[in-house]
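Peer 1: In case you want the letters, here they are:
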Amino acid sequence: MPHPSPAAFIEATGLIKHLGGHLVLNGASLRLLEGETLAVLGRSGDGKSVLLKHLAGLMMPESGSVRIDGDEIVGVDERRLGPVRRKFGLLFQNGALFDSFNVEENVAFPLLEQGLRDSGEIRRRVRVSLEAVGMVDHLMKMPIHLSGGQRKRVALARAIIAQPHCLLYDEPTAGLDPIATANIDRLIRDFQRRFRVTSLVITHDLQSVRRIADRIAFLCAGRIHFIGSPDAFFATEDPMMRQFLDGRADEPEAS
Amino acid sequence: MRDKKITGGGRTLRHGYVVTCSLVFMVGLIRNLGSWLIGRLAYLGQLAGLADQIRISMLRGKWRPRLLGEQLVATGFGSQLVVITTGAFVGAVFGFQIFAKFRGYALESATGAMVSVAMCRELGPVVTALMVAGRVGSSMAAEIGTMKVTEQIDALRALGVHPVDYLVTPRLLAMMVSMPLLIAEAIAFGILLSYVVVVEGFGVPVAYYRNHTLDSTNMEDVSIGMIKGFVFGIIIVIISCHQGLHAENGAVGVGRSTTEAMVISALWVLIVNFFLSLLLNIVFPYSSAA
Numbered sequence: 001m002p003h004p005s006p007a008a009f010i011e012a013t014g015l016i017k018h019l020g021g022h023l024v025l026n027g028a029s030l031r032l033l034e035g036e037t038l039a040v041l042g043r044s045g046d047g048k049s050v051l052l053k054h055l056a057g058l059m060m061p062e063s064g065s066v067r068i069d070g071d072e073i074v075g076v077d078e079r080r081l082g083p084v085r086r087k088f089g090l091l092f093q094n095g096a097l098f099d100s101f102n103v104e105e106n107v108a109f110p111l112l113e114q115g116l117r118d119s120g121e122i123r124r125r126v127r128v129s130l131e132a133v134g135m136v137d138h139l140m141k142m143p144i145h146l147s148g149g150q151r152k153r154v155a156l157a158r159a160i161i162a163q164p165h166c167l168l169y170d171e172p173t174a175g176l177d178p179i180a181t182a183n184i185d186r187l188i189r190d191f192q193r194r195f196r197v198t199s200l201v202i203t204h205d206l207q208s209v210r211r212i213a214d215r216i217a218f219l220c221a222g223r224i225h226f227i228g229s230p231d232a233f234f235a236t237e238d239p240m241m242r243q244f245l246d247g248r249a250d251e252p253e254a255s
Numbered sequence: 001m002r003d004k005k006i007t008g009g010g011r012t013l014r015h016g017y018v019v020t021c022s023l024v025f026m027v028g029l030i031r032n033l034g035s036w037l038i039g040r041l042a043y044l045g046q047l048a049g050l051a052d053q054i055r056i057s058m059l060r061g062k063w064r065p066r067l068l069g070e071q072l073v074a075t076g077f078g079s080q081l082v083v084i085t086t087g088a089f090v091g092a093v094f095g096f097q098i099f100a101k102f103r104g105y106a107l108e109s110a111t112g113a114m115v116s117v118a119m120c121r122e123l124g125p126v127v128t129a130l131m132v133a134g135r136v137g138s139s140m141a142a143e144i145g146t147m148k149v150t151e152q153i154d155a156l157r158a159l160g161v162h163p164v165d166y167l168v169t170p171r172l173l174a175m176m177v178s179m180p181l182l183i184a185e186a187i188a189f190g191i192l193l194s195y196v197v198v199v200e201g202f203g204v205p206v207a208y209y210r211n212h213t214l215d216s217t218n219m220e221d222v223s224i225g226m227i228k229g230f231v232f233g234i235i236i237v238i239i240s241c242h243q244g245l246h247a248e249n250g251a252v253g254v255g256r257s258t259t260e261a262m263v264i265s266a267l268w269v270l271i272v273n274f275f276l277s278l279l280l281n282i283v284f285p286y287s288s289a290a
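As they're listed, the protein sequences go chains C and B.
If you're matching positions, the first sequence starts at 1 in the numbering used here and goes up one per residue.
If you're matching positions, the second sequence starts at 1 in the numbering used here and goes up one per residue.
Keep in mind the hints are simulated off the structure, nothing from the lab.
Errors might be hidden in some of the hints.
[Unchecked claim] Chain B residues, not near chain C, derived (Cβ > 12 Å throughout): (1) His15; (2) Leu23; (3) Val24; (4) Leu44; (5) Gln46; (6) Gln53; (7) Gly61; (8) Lys101; (9) Val161; (10) Pro163; (11) Ala184; (12) Asn218; (13) His246; (14) Trp268.
[Unchecked claim] Only pairs whose alpha carbons sit at most 25 Å apart, straight line, appear in this in silico SDA-like list of lysine to any residue: (15) Lys141/C / Glu70/B; (16) Lys87/C / Ala132/C; (17) Lys141/C / Leu159/B; (18) Lys62/B / Arg86/C; (19) Lys87/C / Trp63/B; (20) Lys62/B / Gly57/C.
[Unchecked claim] Here are some chain B residues pointing at chain C (derived, C-beta under 7 Å): (21) Ala158; (22) Leu159; (23) Gly160; (24) His162.
Everything numeric in this text was worked out from a predicted model, so none of it was measured.
Backbone N, C-alpha and C fix where the C-beta goes; we use that ideal spot for every residue, glycine too.
Make the full structure from the sequences, and use the hints.
Peer 2: Dropping the structure here:
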C-alpha cells in the first residue's frame, strides 16, 4: 500500500510575471511539503527572489495560483493577507532589519505587532531567539553596527520569534565567509529538526544545499526545470544543470 | 510649359511635405499630450488609492500611540523654530512694505490690520505649509523611500503589518494636529514682529495700531488659517508618503522621491490655496466692519 504523500504547505501553480518588460516567471510551479527543507537553485537573475516574493504574497503574479496552507492568496486584498503571512517567517537577502530600531526592538517587533504586552515575556522570548542564533550579547546594537552575517542572524531571530510554521530564506548565506555560512546552515537545519519547521531556501551555494536540503528545485528561465532529491540533482546529466554544477562559463567549449 | 509643370510639381511636392510634417507633428503632439495626461491621471488615481487606504486604516487599523507621539514630536515640535522664524520675518517685511506704502496716504496706523488679516488668511498658512513641505515632507519621503529600497517595507508586510497603517496613518494624524498649531504660531509671531518694526521702529502710535488690528481681525480670519493648515497638512503627507512608498532604484531613486515630494507638495499647496481661498471667502466673507 503506497504511503500517502505529505500535504503541501505552499503550492504554486503556473506563475507568470513580467518585470521591466522581461518575462521573469514563465509558468513556475512548485510544492513545498510539510516539514521538508526545499532548496531552490538557479542562476543569478533567473527569478529566484521573485519566486520567493510570490510565495510570500509580497508580489502578485499576472496569472497563476499560490495556496498557503490551503488558502489562495492571489488576488486577495493586502489587509486580508496579514493572518496568512503570520504563518511563516521570511529572511531577506540583506536582513531588512528596521534601521531605526536596535537589535532587541527588531526581534521584539513581531510579538508587539501580534499584541503581546507583557514586557517580561517579550524580553524572555527575545533572549531565547537571540541565543538560538548566538546574538544575545548584541541586544542594544543598532543594525548599522552589525556585520552582514550578524544582521542575517538577527533577522533570523526576528523571523523565528513568533514560532512560524514555515520559514522562507532568500539567499541566507550570500556574501558570508565559509564559517558564517556553516553557522547559518546549522541554524536552518536545527530549526527544521527541532521544530519541524517547513523551510524553503533560495540559494546558489552548492555546499549549503548539500548540508540542508531534503529536496532541490532548479529554476531556469522562469520555470522549475528540475525538482527531486539531492542525489538525483548532483548526479544529473542535464546539460544546463551540469553547467551550473560544474560552474562552467556560458559558451560551450568548441571541442 | 514644361517649366511651369516642373515648378507646379515642385510646389505640390513641397506642399505634400509640409502637410506630412504637420501631420507627424500633430500626431506626436497629441500622443505626448495624451500620455502626459494619462500619467497625471494615473498619479491622481494612486493618490486617491492611498487616501482610501488611510481612511480604511483610520477606521479599522491598529491604534499606535507611541508612533503618533514620535511623529508629533518630529512634525510639530521639530518644525517650530523654522516656522516661527519664517512667520516672524514674513510678517515683519510685509508690515514694513505696507507701512511704507500707506504712509503716503497717512494710513500707517492701518498697517496692523493689513498684516493681521493677510497673515491669518494667506501668508501664515501658505508660508508654513511650504516650510513644512520642505522640512517634514521631504524627510517623510526620504525615510519611507529608504525603507522601500532596503526591503524594510517588505519586511513589515511579511510580518503581517500593513505599511499604510504603520507608516502613513500616524504621520497624517500627527500632521493634522500639528499644522494648525504651527500656523497659529507663524501668524502670531508674524503679527508680533510686524508690530515691533512698525510701532517700535517707525513710531506708529500703539493704540491706533492695536485697535485697528483687533477690530479688523476676527474669528473667521483665524478659522480660515486653521482650515487651510489642516488641508495643507493632509496634502503634504499624502504626496510625500506616496513618493516614499513608490521609490525605487536605490539612493538615486530616494533622492528623486525626496525632491519630488517637496516640489509637488509645494505646487499643490499653492494651487489648492487659490481654490480654498475662493471657497472660504464664500463661507467666511469679509465683514463690513473690516
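Peer 1: In ascending order, which of the hints set out earlier in this document are inconsistent with the structure?
Peer 2: Going through the list in order, the structure violates hints 6, 7, 9, 10 and respects the others.
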